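All chains, full assembly: derive it from the sequences and hints.
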Amino acid sequence: MSAFASRLAKVADWLDERAGIKRLTRSALDEPIRGGARWAYVFGSTLVFLFAIQAVTGMLLAIYYVPSADHAHASVAYIQKAVPGGALLRGLHYYGASAMVIIVVAHITQTFLYGAYKGKRELLWVVGGVLFILVLGFAFTGYLLPWDQEAYFGTKVGTSIAGEVPLVGPLSQRIMLGGTELTTLTLSRFFTAHVFLLPLALGLLLVLHIYLFRRAGAAGPFHNKDDQRVERFYPKQLFKDSIFIFIIFLSLLLLAEIMPAELGPQADPTSDFLARPAWYFLPLFQLLKYFPGKLSLIPTVVLPAVLFGLIFLLPFLDRRAERNPVRRPVATAILIFSLTGAVGLIVLSKYEDRANPEFSAKLKQQDEEAKAFLKTAFQPQEIGRSVPITAPQVANPAEAGSTPLKIFFANCANCHGADATGGPIGPSLINLARARNLTFDYLTRWIAGHGREPSADSMPRYKQLTEEERGELADWLLKLDKPVEQAASESQTSGDGEPPAAFSANCALCHGDRAEGNIGPSLIGVTSKPNRTEEDLLKLLNNPRAFGLKDPMPASFPALTEDDKRAIVEWLDRLKPK
Amino acid sequence: MQPISNSTEVSGEAPASAKRRSFLGVVIGLIWSAVTATLGVTIGRYSIAPALSSTGTSEWADVGLLDEIPEGKPVKRSVVVSQNAGWGRFNSQRLVWVTRKGEQITVFSAACPHLGCTINEAANGFICPCHGSAWNADGEKLGGPTPRGMDVLEHRVEGDMLKVKYQYFKQGAAQKEQVG
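Residue numbers (this note's numbering), protein chains in the order written: chain A, 1 to 578; chain B, 579 to 758.
No lab work stands behind these hints, which were simulated from the structure alone. No experiment lies behind these values; they were computed from the predicted model shown. It is possible that part of the hints are untrue.
Claimed, not checked - BS3-like, lysine-lysine: derived pairs with alpha carbons at most 30 angstroms apart: (1) LYS22/A x LYS597/B; (2) LYS743/B x LYS482/A; (3) LYS597/B x LYS236/A; (4) LYS651/B x LYS754/B.
Right, dumping it as structure tokens:
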């Protein structure tokens, strides 16, 4: 024995005398396996490994993750796109979650087929059932955390389902959400459950599960012929466990590399996102289609209650010593029915989505949007005010419908944008004066072009404006702290009248119900723009192409009478910020 | 079914299988070393690399119009400093003191070189309220625990606008030394 090895042995002895590690190691490795090592037994160890992977990767994700609706998505995007090794660790966590659900089902199936819940193993089995529920709880709470479209809408549907349960539903939904709506409070709650409560519960129950297992001993094969042969856990079973775990680990690494964990654009509650749950909740999702209205309680409450009731009661109901699955036809049939049913429902829901052209197109589009988002480079989120606190303080924001606003539309909007947030040529004017500590005098001089070299910038000199007009504009610019359109639409609520029916029928789909803009641009203040006087607009409606408007603006409006057109144009003119 | 006691006869104890046992032990060891190494390297990169990367040098920030810096009397201005910190780009306010002597403009960081308190204006210069360090109007050290004079920041004039490059300096050092 080398000097190093003997020194190592001494350290081991020192530790052993105090901590008893040798006995602990021996009792772990020498666990007797009745009937010898088998590949069928690898799932338990694999689940312990996967839980460890989830715990380690989860803790690491928490280094950068922020559980707030404002920042969650940005922080996950940062992990996924910018942090070295971030995509890999998040991929392990993401696919590890799915792997855990699969292996839990495999573990339960093996235990069930082998009748390994029999023989004073009721507690062991029941604790295992609770662990299964906890794993699903992890999946449900973790789904929301990235705060992307899928997370938001998936959880919205999930919590709504919970809310439909009679009696306890509405209250439990409120408690889950932390209120009536899915907000940042919901995110905090799900985060707390996902990283504090559930891991603690699962960790403790896992210890109990293993303790109960070691106390009861391995059940061994269901046929009793070589029951007398007993192998130790080390080396053969540990070898088989390690090989299987290694295959799972490599698969997770490979998946994380080849198909990076999904992350779509940030949650947008106003979008018409087509929500689909994670694959392991698809059976429930599919069943909901067959049980509309009040009947939906069957898949959401009755069926899970029956299923888990059966699981929990199984070792108490099935008291026979017989463990061979062939000689337990009812039990085996129930298992096969449940498994094929679940898989069948998953396949069916996927198939139905694919067969429906509307759904498949929408899902494909969403998928492409998510992929495109993943491909774009990481953009840090802009935080905090960008205006110095020593900048000139102003009392009021820009007032809608004021004289300066008219001057703005007539002179500035073409370059600086109708909402003053910047156009093709001119920069945004919002907060510009405050951000740059510009004074009233400076602005009036700048507008007129005094002290500005003509070649220094492309902005025209507005000498045609009177001293007074420039003053008003400068004053207005000093106060301008939000887009003009916003101010305009605020004024709009104070009586421009309802849009004419002809507008609602022909224009609102694209330009918004109150012309605030949607697919088509906002039409608020349109009559202040060049070539868009009331007369121009009447001509435009006869032939939009002549005004340079392209598809999707229709080439003509045959359904509109001259009176309709006049009503629309007059209403649009009233929308002009006065 | 009774738990198996350790006295139960156990197979695989014969000398012939000792070789197989050690082979399996080696494979098991390799597998777990590979798993640990893969995770270890990734975890190291993930948790340490961003901490060592540069926070991004500060860009030129607007202090205000040059015309508005008075002669002789220091003025306190806040500037917006943008800093990359992981998932966000944080705009926060930092204070500077600006003095003017004719054409000579000086911009001082308002952070005390001692322990980072905010430097105030005094009768004929500057003073730090925390530990009583004092400087004259040119930012030269007069007394107190400060290790050096006030930190001068790089500035430039663009058109009418005075701009400053806000930077952080090591506290407690006798010489000005940039950090970050």
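Comparing the hints with the structure gives:
no.: 1; hint: LYS22/A x LYS597/B; result: 22 angstroms, holds
no.: 2; hint: LYS743/B x LYS482/A; result: 28 angstroms, holds
no.: 3; hint: LYS597/B x LYS236/A; result: 13 angstroms, holds
no.: 4; hint: LYS651/B x LYS754/B; result: 25 angstroms, holds
Of the numbered hints listed earlier, not one is contradicted by the structure.
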